[in-house]
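**Q** So the sequence lines, in the order shown, correspond to chains W and E. Each step along the first sequence adds one to the number in numbering that gives the first Met the number 0, with nothing skipped, and position 284 is 283. Each step along the second sequence adds one to the number in numbering that gives the first Met the number 0, with nothing skipped, and position 117 is 116.
FYI, nobody ran anything at the bench for these hints, they're computed from the structure. Cβ atoms here follow ideal geometry from the backbone N, Cα and C, with glycine treated the same way. Keep in mind that a hint or two might mislead.
[As the list claims (entries may be wrong)] Keeping only pairs whose Cα atoms sit at most 25 Å apart, straight-line, the calculated DMTMM-like set for lysine to aspartate or glutamate is:
(1) W:339 x E:6
(2) W:199 x E:236
(3) E:233 x W:167
(4) W:432 x E:37
[What the hints assert, rightly or not] Residues on chain W that point at chain E, a partial pick, calculated with CB under 10 Å:
(5) 18
(6) 25
(7) 28
(8) 32
(9) 397
(10) 440
[Stated by the list, open to error] Stretch by stretch, here's where chain E covers chain W in the computed footprint (C-beta under 8 Å, at least three residues):
(11) 164-170
(12) 175-183
(13) 204-213
(14) 446-458
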Amino acid sequence: MPYRSDAGGTHYVFDDLRMLLARASPGRAGDRLAGLAAESGQERVAARMALADLPLARFLDEAVVPYERDEVTRLILDTHDKQAFAPIAAMTTGDFRDFLLSDEASGITLARLAPGITPEMAAAVSKLMRNQDLIAVAKKISVVTRFRTTIGLPGCLCVRIQPNHPADDLAGIGAAILDGLMYGCGDACIGINPASDSAKRTLLLLERIDELRSRFEIPVQSCVLAHVTTLLQIMNRGGPADLVFQSIAGSEAANRAFGVSLALLDEAHQGVKSLGRAPAGANLMYFETGQGAALSAQAHHGADQQTMEARAYAVARRYAPLLVNTVVGFIGPEYLYDGKEIIRAGLEDHFCGKLMGLPMGVDVCYTNHAEADQDDMDNLLTLLCVAGCNYIMGVPGADDIMLGYQSTSYHDALYVRSVLGLRPAPEFEAWLKAFGIMDAHSRVRPSPSGGAARLLAAAPR
Amino acid sequence: MTRQPGDFWDYLRSATPARIALGRAGDGLPTQRLLEFELAHAQARDAVWADLDSAAVLAELDAWCPVLVRSAAPDRASFLQRPDLGRRLAQDSARALSAGSCDATIVIADGLSAGATQVQAAPLCKMLLAAPNFVFAPPVVALQARVALGDEIAARQGASLAVVLIGERPGLSACDSMGAYITFDPNPGMTRDADRNCVSNIRGQGLSLNEASRRILAIMGLARTIRRSGTCLKEDDALDLLPPMS
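In isolation and in its complexed conformation, chain E is listed as follows (with noise of 0.2 Å):
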């Protein structure tokens, strides 16, 4: 493409990441900033759509017996429009969850970005799996997945912590960010997002998987302890409780 386009004032831009002073044609964009555009939104709305290759992650995991279930919506328009659905086992996944001797499970869920679960979620999960403080149930790799659907997970598992990693929804600066959702005792159709911790904008350019590992097991640690999640307990006091880093 030709020259870089842009207004007389675009020394500004290094104060925002904003898309500001692209310059016009006429009243319109130009066409390398229209392309810039389409390209981040075309990679938004891949993100959205992609398929999670459930076969890679269940065999990265082959050593801990990994479980695959499939939510209510049958497929990715379901999966957008009936929230509800994707909050909810499929029959036949129901069934193939039994309960063990553990006190968390880990949940790999497709979300709203397969793309950010496929890269990192199986790496996150093992990091977290040699954490020696906890027993863990099977990890599940979940298909069509919301957050919630991790609370009846847990309950078939008889875990009294779950977690939650799951593709975030896609903006235009990133599509591959992934998010952690972390629940004490958590109970199909009654818990709310207010009962949940969060870790997220884990990707490349953002949260690392060490640090994010780090703070996801230092919320389970005080979850069990104060046996709470959510608004009432503090990342900063989780974090606290940490043995320093060497």
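Okay, chain W solo, but in the shape it has when bound (with noise of 0.2 Å):
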């Protein structure tokens, strides 16, 4: 059904919720790209006009990509949670914005409505926020998950040890991930992308970090992000595999290009919680996104690629994971074409996931053809922990040597957990502290004798 409305003396028509949804974001490249931005200024904010006024509730009626066509509109409509809802059913997407950033919506009551939004809701509402709005409504809600460590704690800040090398050499990684932990970093995870997709080299790494965290107590979980197909032979083998690990994207036909269905996502998921590597109620699974994959698989349905991108949370929120995020500069600058586009686009996506109630970390990233550098990557970084991100990546010196982009480094999760006061997941303090990396006033200063000394001594000198 068409949605109208009038600005500046012209009438505007939008022939559909999914045309209304791609006129009103914020301009990107991906939405020029696919023909789908709004063509003036004007026209955006005329179709955030007509957003504003509409119901809710319109988005369980109409649905922006076919039902009968896509598992994952099935999904979000099947499994959503009416008494959730009951609250904002009367309410415009105009009232939810107003509603959001009110004293009445406390952190308490906004994990309870959590199940009730879609993503096509929490998508909506963003696109009629500003900046300041999305950091001060996610700063309020706390998504807090668990296995060896506490991810998502207010007042603290997580880091993934990124410690990828070209050949996947054993060494290499070894001494990025020791020089990770001597920075503090690592309490979100140890996760290695895999250079090649073999499941004996997968098997290799994966059983190497379990020994080095066997012998030293370290509270961490290691991942090996290889192909969800690639952790299924391993789980099949008895491997050590603490999480799956896949990529995932807003429609049946996107995830079909990342070779995964919801069928094989809930058959990993039975596998690794029938390992018993984990506490009683841990979470298991670990997503990364970004906004522009399903565009790139030609897998958009004609809708803008912010919303798009909320619809894979959707898919995440199934299996309550402990680590979801998005690469959010990763894909290049026909999607997210500058600074600017790629720190709006972070903090939608860090917003629209923890509405949605997910464990939300952001890879903040940008390759060398994006018109964007560090500075871009500082503020992007300060405002997501301001915002409360629960996790970042630390790449040694932010520099990926084997996927060729640039990330958040081990110094940068010091400078933003020294400025903002935020400290790493309690357990994994006290084992800093307990090795002498961390000193008696909580700053990152590793003592050369004692336990750091010992860890130091497990690679090859």
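Two chains, two frames, a set of hints: combine them into the complex.
**A** Next comes the structure, spelled out in structure tokens:
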């Protein structure tokens, strides 16, 4: 059904909900590439005015991607929690924004609401919000997950050690892990992106990290970010897989391009649960997402890239994951052109994920053909950590030598913890202190004697 | 600059090219490390935005009557944001190409690192053109070009094999790397990335021009025999068919 709006003496008609959402979206390269972006600033605001008047309940009646053709839409609508939705059922999208910012919308209230919020509702309200709104609302929401560490507690910032190596070299990866531990990172996980998709190599990496962890009783969980089918092979051989990782997107067809379906993810989730490596009730899945993934697979169904991204969170939500992060600037300038677009997208993704009840982290990152640099990343990192982001990446010197892009560094983690008074996960902080890596003032200043020296001796000299 | 910064575990640096044990100024990077990173990023950015000196490349290939074309992307900013435009020829460029009796064409494309192409593409192109077992169309120099632009070029020249020499996306450790994409029976708008073979990391510190030429010609030979390219064609099989190196 068409939606209408008048602005500046012009009458605008938006053919359907999909088009309304796309035209209301802040400008970005991917929507321009797909021919979905508003053609003028005035049209964009006109779309926002129509969106603000739209009842939230409309999103339950008009699917952005057809129900019959898409299992993600079926997941969203079939598992929608009507009871949780009830308090906001009579609101328009504009009312919803006002409510989210109000004193009434406490962290507890928002947590109860989460199962009633569909991705399209989250995306829609985000399009009416300024960056400060995205930060202010996300800040109210804590999503806490647990394995060997507790991630997402208020006042904490966790870091994934990302010790990638172009040849998956064990000594090279080991050196980058030790470096990360010496910089107080690793409490989100130690997560390696493998250069090859070899199950043998994945198993070897997992075994070596597990040895290191057991030997020094480090409260961390490990992950090799291979394809879910590779992890299934590892689990079938009883390999030490703490977490199952997968990249996911917001439509069935986009997930097919990643080689996954809900059935396959269900199978992997069951598999990792049955390994019994985690304490009861632990969260066991790790997902990565990113705006533009659906469009790049030609699987966006004419929807804007931010709405498609929020739909990926519905897939993640099904598995009560330990970690979810958007890899916000990785995809390149044809989707997010510059620092401004990357910063906006990072804040939107973090907000939408948190609103839907996910333990959101963000890979604050860019490629060399994007109009962005370290200053943009400093800005986004600081904004996200003010907003209560659960975790970030820790890449040595911010330079991922395997994937060829720039993310946040171990140093960046120390900076942002210091300026915002954030701490590591409590279990990990206790370990850092016991090993003399963190000093009595809770600063990461490793002592060359004691535990740190024993840890370093684990590497070949 | 003053002393070399570092952490007391900096001996681990020999284990990986990653930027580990950088040392600290408070929680931040020491000045020297900060500037090292900035230099690498500046070089990569400059490489992305550099223009190909097409006149120099055309002059070097003068004996083979090279043709200059442009993609439908009018400038660098459009090229970066609209990959679809970089895969199509500009209208006047389409008219500049004519079909002849040939079985392969070589396209020299700026891609994401014109500098990599500037230095290496013409010498490599000449090595390929010297191969006696292929009839080559006039070589094409293409500006604001993506890999798939080679499909339309080959189709217009009537070549069943397209070899695109193109600047690869610069990283912090290498911004002068060129790739070669070999496609059999390219079909504009239809050919997928999985239908191409790639020889990558062609640069001074990586794959030499001689070795790149050997591999490209081997892949071209096998592709012509099996009438396919892409994931179904393994580079090792192609190299096995070559006579042993003296």
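**Q** Each hint should be assessed against the structure and marked as holding or not.
**A** Hint check results:
1. W:339 x E:6: The given pair, whose Cα atoms are some 35 Å apart, is violated under the 25 Å limit.
2. W:199 x E:236: Holds - the C-alpha atoms of residue 236 (chain E) and residue 199 (chain W) are around 24 Å apart, at most 25 Å.
3. E:233 x W:167: Judged against 25 Å, a Cα distance of about 22 Å means the pair holds.
4. W:432 x E:37: Measuring from Cα to Cα gives roughly 34 Å; hence the hint is violated.
5. 18: This interface hint is violated because 21 Å lies over the 10 Å limit.
6. 25: Status violated, d = 16 Å.
7. 28: holds, 5 Å
8. 32: This interface hint holds because 6 Å falls under the 10 Å limit.
9. 397: This hint holds: residue 397 (chain W) lies near chain E, its Cβ roughly 7 Å from the closest one there, short of 10 Å.
10. 440: This hint is violated: residue 440 (chain W) lies away from chain E, its Cβ roughly 13 Å from the closest one there, beyond 10 Å.
11. 164-170: holds (count 4)
12. 175-183: holds (count 4)
13. 204-213: It is violated: at least three residues are needed, and the segment 204-213 of chain W offers just 0 whose Cβ sits closer than 8 Å to chain E.
14. 446-458: Our answer is that it holds, as 3 residues pass the Cβ test (under 8 Å) against chain E, meeting three.
Checked against the numbered hints listed earlier, the structure breaks hints 1, 4, 5, 6, 10, 13; every other hint is satisfied.
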